[in-house]
Amino acid sequence: MTHAVERREVALVDLLDRVLAGGVVIAGEITLTIADVDLVRISLRALIASVRMEDQDGDDGH
Amino acid sequence: MNESHATWLYAVTTAPPGNGPPQALTGVTGVAHEPVRLVVGSGLAAVVGSVPLSDFAEEALRDHLEDLRWLERTARAHHRVINESAHHGQVVPLRFATLYHDDDRVRAMLDERRDDLMDTLGRVEGRTEWGVKAYVDPGAFAAAPAEDTGGGDRPGTAYLMRRRAQRQERDTAHDRAAARAEEIHTALAAPAVATAAHPPQDTALAAYEGWMVLNNSYLVPDNATDDFTAIVDALRERYPDITLELSGPWPPYSFTAPPEESP
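Quick note, the sequences are listed as chains P and W, same order. Position one of the first sequence corresponds to residue 1 (my numbering), numbered consecutively onward. Position one of the second sequence corresponds to residue 1 (my numbering), numbered consecutively onward.
Check the hints yourself; a few may be wrong.
[What the hints assert, rightly or not] Covered stretches of chain W (in silico footprint by chain P; criterion: 3 or more residues with CB under 8 Å from a CB of chain P, positions within the stretch not fixed):
#1 73 to 81
#2 111 to 122
#3 225 to 238
#4 241 to 254
Just so you know, the hints here were simulated from the structure itself, not pulled from any lab data. From the three backbone atoms N, C-alpha and C, an ideal C-beta is built for every residue, glycine too.
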């Protein structure tokens, strides 16, 4: 892999597209009920909620 | 490990020759700031760390996933370990939050899944995942505005017809943008051995304006990397009304499923 490119921090959204929905799925023993779709949905809800909150904080500051 | 810890899996790689973890993983820490190590078995090695159940048992994990800062920190740590491991050999990344009770169960899993893990390692060997996103400004794809949409002297009718014309124009613009995205995808797919589509990203998260018409991953042979980036540059030049964003190189997150998933 091209190491020069790799040092730049990746965008969180692009990373979540991959780590939450990609990768080999093996039924882990502890999080068996956190199915793939579920994991993405839970996290996206958190993301959207927190981004909106940050936007509001930003607006208040001006 | 024991009752207070579980084993978090980052990646699977081929077993290193000899015993013990490769020097390079020394000093690498994982999602719980734990030292990362290898669990070796069946010709494979799992890159793992021991994480406290107080934070990573199902209920605790579920709570944490709702916390963006925790999620970001942990997702980046997961990615960092996979990237570090990739410097020393081909890796197959594991889905975020794959946890086993202890190392023995990880070894049992390696044994059980040996064949398909080996297949996957072979499929991604010498190839790299690249991401490409495309955005368009809807205005750039709209037709010239219609002068008179009809309805004449009846304001209610005129309004409805105007609305319908706007809707049709939007649909047409969308179709044109989608057709352009398809052309772009076809060009990018040429040097790739597999492609994968991700859903369009939420505008609030990705901080873009307009329509995201493409959010794909391409698995490109390492000897075709220059061809691929040259195609991206050429597409940018040919279609200035489309914003193309290239990301990568990525570990092959989007290409770990059996091949029938990738067109």
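*Are there hints from earlier that the structure breaks, and if so, what are their numbers?*
3
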